[in-house]
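Novice: Heads up: the protein sequence lines correspond to chains A and B, in order. For what it's worth, numbering that gives the first Met the number 0 labels the leading residue of the first sequence as 0, then goes sequentially. For what it's worth, numbering that gives the first Met the number 0 labels the leading residue of the second sequence as 0, then goes sequentially.
By construction, these hints were calculated from the structure, which means they are not laboratory data. Model, not experiment: these values are computed from the prediction. Check before you lean on any hint, since a few could be wrong.
Said to hold, decoys possible - Straight-line alpha carbon distances no greater than 25 Å define the calculated PhoX-like cross-link-like pairs of lysine-lysine that follow:
#: 1; chain 1: A; residue 1: 154; chain 2: A; residue 2: 98
#: 2; chain 1: B; residue 1: 599; chain 2: A; residue 2: 56
#: 3; chain 1: B; residue 1: 599; chain 2: A; residue 2: 57
#: 4; chain 1: A; residue 1: 100; chain 2: A; residue 2: 133
#: 5; chain 1: A; residue 1: 98; chain 2: A; residue 2: 133
#: 6; chain 1: A; residue 1: 117; chain 2: A; residue 2: 154
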Amino acid sequence: MMILRTVQTLAAQTVAVRRTLCLMGVLLLAPVQTLAQETGESDSEGSVALSVEELKKKVIRLNRDLFILEEDLLFPASTQFAVFLSLDTGKFLKLDAVKLKLDDDTVASHLYTERQVKALQRGGLQRLHIGNMKTGTHQVTVFVEGIGPDNRAYKQAATLEFEKGTGTAALEVRIRDRASDYQPEVAIVEWE
Amino acid sequence: MADRLRRLPLRQRIRFALRGTACFVLLACACGTALADESPQRARDAGYGMALYEYHQGNFFQALTRLNLANSDGGISGHGDHPLLVEGGLMLGYGMTREAQTLFQTLLDESDVPEQTRNQAWFYLGKVFWLEGDADASADALERVDGDLLEDTDEALYHEWLYLKGQWLLGQKETAETGKRLDDMLLKLPEQSPWSWYLRYNRAVQRLAAGDLQTAVDGLSELIGQAVPEANLPPETADELGALEQQARLLLGRLHLGQGDFERAMAVLDDIPLDGLLADQALFDYAIAASQKGRNGLALQALDTLQGRPLFAPWLQQVPYARAFTIEQMNRPTAALEAYRRAAEHYLQLDQRLAAEQLNLTEEVLVKALKFVREGSGEGSGEQGSAEPSLGESAMLTDSYGRVQVHPQDFSLAELLAGEAFQLALRDLHELYRLDNSLNQWRQQLASFDGMLDTRRSRREARIRETREALASLNADEWTAQQAEFRRRIEQATDEEDATFFMADGQRQLRQQLDRVEATLAAVPDDDSTRKQRQTYQRMRAYFNWWVADEYSVNRWAAVRQLRELEEAMDTFVSQRQLMEQEMSSDARLDEFAGRIASKRNELDQVDQMLGQALNQTRQDLMALVESELASQRREIAGYLKASRHAQARLADRLFLKPGASATDEPSDEQGVESEAADE
Chain A
0 MMILRTVQTL AAQTVAVRRT LCLMGVLLLA PVQTLAQETG ESDSEGSVAL
50 SVEELKKKVI RLNRDLFILE EDLLFPASTQ FAVFLSLDTG KFLKLDAVKL
100 KLDDDTVASH LYTERQVKAL QRGGLQRLHI GNMKTGTHQV TVFVEGIGPD
150 NRAYKQAATL EFEKGTGTAA LEVRIRDRAS DYQPEVAIVE WE
Chain B
0 MADRLRRLPL RQRIRFALRG TACFVLLACA CGTALADESP QRARDAGYGM
50 ALYEYHQGNF FQALTRLNLA NSDGGISGHG DHPLLVEGGL MLGYGMTREA
100 QTLFQTLLDE SDVPEQTRNQ AWFYLGKVFW LEGDADASAD ALERVDGDLL
150 EDTDEALYHE WLYLKGQWLL GQKETAETGK RLDDMLLKLP EQSPWSWYLR
200 YNRAVQRLAA GDLQTAVDGL SELIGQAVPE ANLPPETADE LGALEQQARL
250 LLGRLHLGQG DFERAMAVLD DIPLDGLLAD QALFDYAIAA SQKGRNGLAL
300 QALDTLQGRP LFAPWLQQVP YARAFTIEQM NRPTAALEAY RRAAEHYLQL
350 DQRLAAEQLN LTEEVLVKAL KFVREGSGEG SGEQGSAEPS LGESAMLTDS
400 YGRVQVHPQD FSLAELLAGE AFQLALRDLH ELYRLDNSLN QWRQQLASFD
450 GMLDTRRSRR EARIRETREA LASLNADEWT AQQAEFRRRI EQATDEEDAT
500 FFMADGQRQL RQQLDRVEAT LAAVPDDDST RKQRQTYQRM RAYFNWWVAD
550 EYSVNRWAAV RQLRELEEAM DTFVSQRQLM EQEMSSDARL DEFAGRIASK
600 RNELDQVDQM LGQALNQTRQ DLMALVESEL ASQRREIAGY LKASRHAQAR
650 LADRLFLKPG ASATDEPSDE QGVESEAADE
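Bound-form chain B, shown alone (with noise of 0.2 Å):
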């Protein structure tokens, strides 16, 4: 009961945080909300857009990797410095709190960020500070939120604000000064706003801490007058104000006992719902304050509504006990002396289970020990057919800090499941997981990667060797060849002025007839019948050779001109068969790919060490959690069997010394119960 006690306001820091991020998510509907005009929802940048997509899934691994993305693809345009509070919020979500301190800071430092947007950014780096436990440094940086522009901004950042400014004023010594300022804030915040409730409640610890018994009394009493049926309330804060209206009854009642009080604490015990979350403590305090009041049979009735349930949490573990007494307190020393003897059986039994789970202990054991929810699954779903996750699975149910939603199937872990460094441990161990199996997704990526690449190499060489061949088809070495000749020859030409070297086509014909009528003069007798033929072939040559003669340059430049034009031709045809070779014979593009799929797999590597390190470490914070959870169980469980023995050996003698006290005479468990019950 003092270790519950104990941990309230780890509860409620607990409480704070998903609080917290439920402001986080409706800050990412603001950002959308002010940025935008026609259409107010609409993310103006792709690579933020699918970042939001992925962060209102709950998916913060995946929603930090797109943003991450954005920002090394230029960045986020058209969003101002939002993202940058979106990804502050991410990061917190993903356990992330240092990175998330460094980003506020640098906005902070940034000169061009809007009003609205720094004073956000104050508000989150004081939220920082406060997970991380530095209250000095959170209400340093609360003091720079501007009140007023937050309201106008978001109520419900204001509303929080509120809060740790509250929480932080608690924390100090109580001063008219620090009451007034508080009762500023609480004046400040809905009366039925949580925020309100959750102060008004530690307002009352603290003052009890200060050992102002009478005030915290009052606090409590007057906390437990405002609250209203739950029907009344807004369906989102109904639970939650309905839980805290328990446990203010459950404090307040305790209170109303260590002051003797006992009606008063029956009283407000009473009004605890048998059903509700705190039952079984009301039942329990309610047993005592009945015992101390004399009323013993409504104790028993208590007590043994209590035996009735499973013993789930340790702390219940006393009830066989408590029982026993109550029912040696109402005279019956036989049946006493019997529930005695089964409590210590009970108590003998759990020491040797819990001392074979502290020899067994294994991840697995502690694994196989806890139920873990499935995502879209309500509470219990485990029932309805759909088997259980496993740690590290994307499936299993965690809330808006990453803890995951888990059972106990094992009463002694019961405990130390409610505790905030168990659930820490947990989560970091299913974050963990979580991040092995994406490793081995990545190995499998990058070898489909490798495959992938081989798959191009092999391809692009059989288009080598087509291009080749190909090429051998052209007989390309030939055609430089014959360029060279031709080059060759015209300059010879040139040289020589071989004018009948450049003749054109016409010029051509024309010389192989001459050529011909000349073979035939010769062939004919040399004589009057043919003297005129020559005469006139005489004329046509002198003429043909004049008419080559006077074409000579410009026939040359034609044929230079043809020249240079192959040469270009032959030059384009010369550097892309290079290229090509040039290509085919390196392979840089795959290479860079083959380069860059090695490095992330070396990287892959370190991340794959670091992982197991901090698997093993996790590992190990969480069995020497659940070791010592068990040891302290089993102390306490020692000291019930103690109790328990020697109260049976203390009534024993009793019975033995009064022989006339027997069994018979007295009433069975059930009709000493009814017939107290009855006259109560």
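Isolated chain A, as found in the complex (with noise of 0.2 Å):
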């Protein structure tokens, strides 16, 4: 009896219990108040979102156009060149960081941060420098370096010269595991 007495009086003065023993008739309610709460809010909501989502579109066109603009006022098709660099599974390298020489001249160097490693090793592709350049002959270097098998610094590097014609040029450094040795391969070739 004192018991009950107790649980009633719980639930006649204090909001906290009367809020545990309503429990039930919450919870049976719980679905039915949530859907009524979001169709109100959804018509507002909806305007809002299509609004945001519109701005985004355009927005997203806009900066495409903006790269597009740059491209053609900085770096003329006759002129282009471009270095891309993948990474190819990586599983004998972790890659920290990479240098690009160009005729001698460094044009690019960038340390890599965990997610851009694990965002070539998904398949991305970065696009590690671009620039103009004059036709003929050209020689291009990359420095790689990253902790590689037993977990030892690995340092490579790979030259390319190639021959610079009037249209675009683009070349790939690319990273791949080599299984005949485990070991990490570096070589720079033409983008196909």
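Two chains, two frames, a set of hints: combine them into the complex.
Specialist: This is the structure:
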């Protein structure tokens, strides 16, 4: 009897316990109430979401156009030269840094975050450098640093001499695992 | 507490959304795997590869821009329709669900889409509809997915598909048929898959909503019975399953509490770790169960533990009152009176604070009350010295759906912060500020383009000046006049058949010699001594004249040919000069660039205007949410305050009427709790 009275008093006098005792009722109503709340809010939320979505669409287009404008202005097709970097699996190398030299001038250097390395491992392609270049023979050298097999510091360089014509030129620094000797392999190839 | 329970489905949706994005990430990997032969991860299209690079770093905006660039530059080659699926996933991640829907529908309308891609597109379309709350359209799209094919293509997506279908079934009226279908789906899901746990938990909630309390209790008990120690779970799902288990225990404890089975309620709640996410709720419910079981010492201990913690969430504000009430139940009126007095003071101060907050509520104040997490730092990394990021900064840590990772610095916002509406409004505000920052950057970029064009123009003008000076020094007009004079003289000589005009160099030399001889002969006396010379001269002159006449056509042709060559050279010179003049007089290329820059600046202004409107609207929405939350909290606090004061008055009367029950007769709080706990 004492317990019962206590429960009754709790229910009558305290908001806290009243809410607890109402738990079941609330639970029963919960999905319906939630739905009702959501329906009431959905109209205004919808219109805001729509305008924000429309805005995002416009901004993406604008950003794209600015990219194109920038490239047209700064890197005309006849002189444009780009270097991409790809990392194929990267099991034998934890990439830390890359330095790119063009005809003995350092034109790009990059330190990688974990997220960037993961993005490269998942098929991402980084544009390491974009610039202008005269026609003729040029030499590109890349220096790759990281942690290689057995957690040992790893450094490797690769060089390519190539002929720049009158069109856009693109090279790829390709880092991939070499299964034959469990070592990473760095190569510069012309982008196909 | 009730509010928290009411929010459960929302939380599940958030969790679902998070998991959904994870699957999109997996999808992107699958794209590469399916298409490449030698090097499965390598992008074959540079534009697509760059988009993936941004995508996998969570830079949805840049990734979408890159895809747009690639599409405008002749499209993406070598990856089939997968870039479209990735774009759809990016749009979902960037909060562009309607665009994603259109994209998937367009993909499905195409006739030459491979079956696997079509299957996945149906799945994602179903998911888009689900996220937009259109359950029937979602079910329709999900029904079109070939489960076996999806399982072969991507097992994770297959599990999510089962979950979505199960969720749809849960939304239907439960019949034997729907129950059986749901059982089948649960059987197909691995036992320790979070999807299976969510479905089982939601099923229990649904049964509860249908009034089937016992089945809900059985379902939750069964679910908890399946739990395995976190150490035995895969690391990627251990935390999630652990949290789900705690949630299930909390709900089951509350159900036992509602059934009056306090012993079981206490036993179930007792297994929720004290440092867990739901420890506070569990402690409070445990206190209620203990109190109702008549074990007030334990109840007070639990409430004291809660009171000792920062009363962070609004629902925890009931603790001071509940604590005072429990002390009263322990028949310690003086201590209870003091506890009620303290509770009333606390509520009064709180109400005053909330009123002040309500009055001074601005976006700045709201932002100050939130603690944002910087990317690359763990929970609460703000203490580690790195500056806290502000809204719109790209360093802000966000989840896969762009929701900012934030902790409340002000307890009054804790509940609100957990709500979907606030999260979405905050996400939009962050995103809009990011866009605003981007717009400012682009403005600077356009200004730098202007500067670049001005430099190019001035360089060009300098070159034009140099060219004009060089042309002037060449006396080009004099050349043209000379050429015309040559032509005139040759034509005149031709008309007059002037053979001497067309004489070759040798003939001219000979004629000069003959002329000198003639002059010499004219100076000497015309007698016998010079006759022979004169005759010789006459013969030579006659021969010369004959020779010139004979060679006339050849010589004339040679002169005309030279004239023609000269004219050709002059024509080239004149046309090049004209071209140069034209080039010097017009600025077509630079004008075209200037036009493009001006057009983009106009677009930027329009977007800026739209952005301003959207920002205002989002700010207002956010403020309205906070206003409403603060008002609701004040109403609740007013209830606690009133109850505390009533209890104070009641107890004061009681003590006044029974003067024997003085404070000195009662043990102190600590002593009371210790003795009660010892009794337990």
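Novice: Evaluate each hint against the coordinates.
Specialist: How the hints compare with the structure:
no. : hint             : in the structure
1   : 154/A with 98/A  : holds, 11 Å
2   : 599/B with 56/A  : holds, 15 Å
3   : 599/B with 57/A  : holds, 12 Å
4   : 100/A with 133/A : holds, 16 Å
5   : 98/A with 133/A  : holds, 21 Å
6   : 117/A with 154/A : holds, 20 Å
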